[in-house]
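Chemist: Make a model of the complete structure from these sequences and hints.
Chain residues, written in single-letter form:
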Amino acid sequence: MSSIQLPAKIENMGLLVQFISDIARKIGFSGKRVKEIELATEEALVNIINYAYPDHSGDIRVTCTQDPSKAFVIKIEDTGIAFDILSLKDPDISAGISDREVGGLGVFLIRKLMDKVQYHRKNKKNILKLVVHIPTK
Amino acid sequence: MEIIKSGKENNALIIKIIGRMDAVTSPEFEKALDTWIDESEKHFVLDLSSLEYISSAGLRSILVIAKKLKALNGKIFLAGMAESVSEVFEISGFNSIIPIHDTVQAAIRQFQ
Numbered sequence: 000m001s002s003i004q005l006p007a008k009i010e011n012m013g014l015l016v017q018f019i020s021d022i023a024r025k026i027g028f029s030g031k032r033v034k035e036i037e038l039a040t041e042e043a044l045v046n047i048i049n050y051a052y053p054d055h056s057g058d059i060r061v062t063c064t065q066d067p068s069k070a071f072v073i074k075i076e077d078t079g080i081a082f083d084i085l086s087l088k089d090p091d092i093s094a095g096i097s098d099r100e101v102g103g104l105g106v107f108l109i110r111k112l113m114d115k116v117q118y119h120r121k122n123k124k125n126i127l128k129l130v131v132h133i134p135t136k
Numbered sequence: 000m001e002i003i004k005s006g007k008e009n010n011a012l013i014i015k016i017i018g019r020m021d022a023v024t025s026p027e028f029e030k031a032l033d034t035w036i037d038e039s040e041k042h043f044v045l046d047l048s049s050l051e052y053i054s055s056a057g058l059r060s061i062l063v064i065a066k067k068l069k070a071l072n073g074k075i076f077l078a079g080m081a082e083s084v085s086e087v088f089e090i091s092g093f094n095s096i097i098p099i100h101d102t103v104q105a106a107i108r109q110f111q
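From first to last, the protein sequence lines are chains A and B.
For what it's worth, numbering that gives the first Met the number 0 labels the leading residue of the first sequence as 0, then goes sequentially.
For what it's worth, numbering that gives the first Met the number 0 labels the leading residue of the second sequence as 0, then goes sequentially.
Hints were generated in silico from the structure; no laboratory data involved.
One should not assume that every hint holds.
[Stated by the list, open to error] Below, computed lysine-lysine pairings styled on DSS-like, alpha-carbon distance capped at 27 angstroms:
(1) K69(A) to K8(A)
(2) K41(B) to K74(B)
(3) K41(B) to K8(A)
(4) K31(A) to K74(B)
(5) K111(A) to K41(B)
(6) K88(A) to K67(B)
Computed from a prediction, not measured in an experiment: that's the story for all the values here.
Modeler: The following block contains the structure:
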């Protein structure tokens, strides 16, 4: 298990993503899968950076574990306002350029790229878990 | 991320993007395109052959520019994407809103 905790600022996004992708690489995920993990992670982190702490600053804590059922679990926690990222509606991906809205894509990508996504709120913390199955060789 | 103007053909600016378009770098992309649009450029081919990674922030920036150009009767085409980038365009449905070509040359021909 490895953890990192940093202020929820855009300047720290790269470090947090790198922390996770370094572990993913060590686990042996393919280059393609590592990129997908980076993308899902970025989307989750950017949501926290943009919305979790409207009035004051706060941190993001990322914990990576490998569970016995052969899954890589990325736990992303913040102490910001209660926000269930999974409650957001999917964007209309069939909309044409004039109708296509600019928002809503981040969560959609997380759901599409990760094998499982879980959210719960406990002790005034938002806890998001991204689960990636580790392929058996 | 680097943004390089590689040339102009058939009245279209060929812009090469190198590196990653993410939440940190995408604003620079928008700023650069806005500057060219202010200089009355309205046809663009984005050479994405050296783009390693794109997130929703990058897609959003491209969409914002594409909408701006549409309002000006301009056009933007994307060319040369790697498979990992292409996948993000497909999942998000962006592959059907912004024209995508295999090569810069194929995109440039659209402006003839």
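Chemist: Now, for every hint given, state plainly whether the structure supports it.
Modeler: Evaluated hints:
no., hint, result
1, K69(A) to K8(A), "violated (32 angstroms)"
2, K41(B) to K74(B), "holds (6 angstroms)"
3, K41(B) to K8(A), "violated (34 angstroms)"
4, K31(A) to K74(B), "violated (31 angstroms)"
5, K111(A) to K41(B), "violated (34 angstroms)"
6, K88(A) to K67(B), "holds (26 angstroms)"
Of the numbered hints listed earlier, those contradicted by the structure are 1, 3, 4 and 5.
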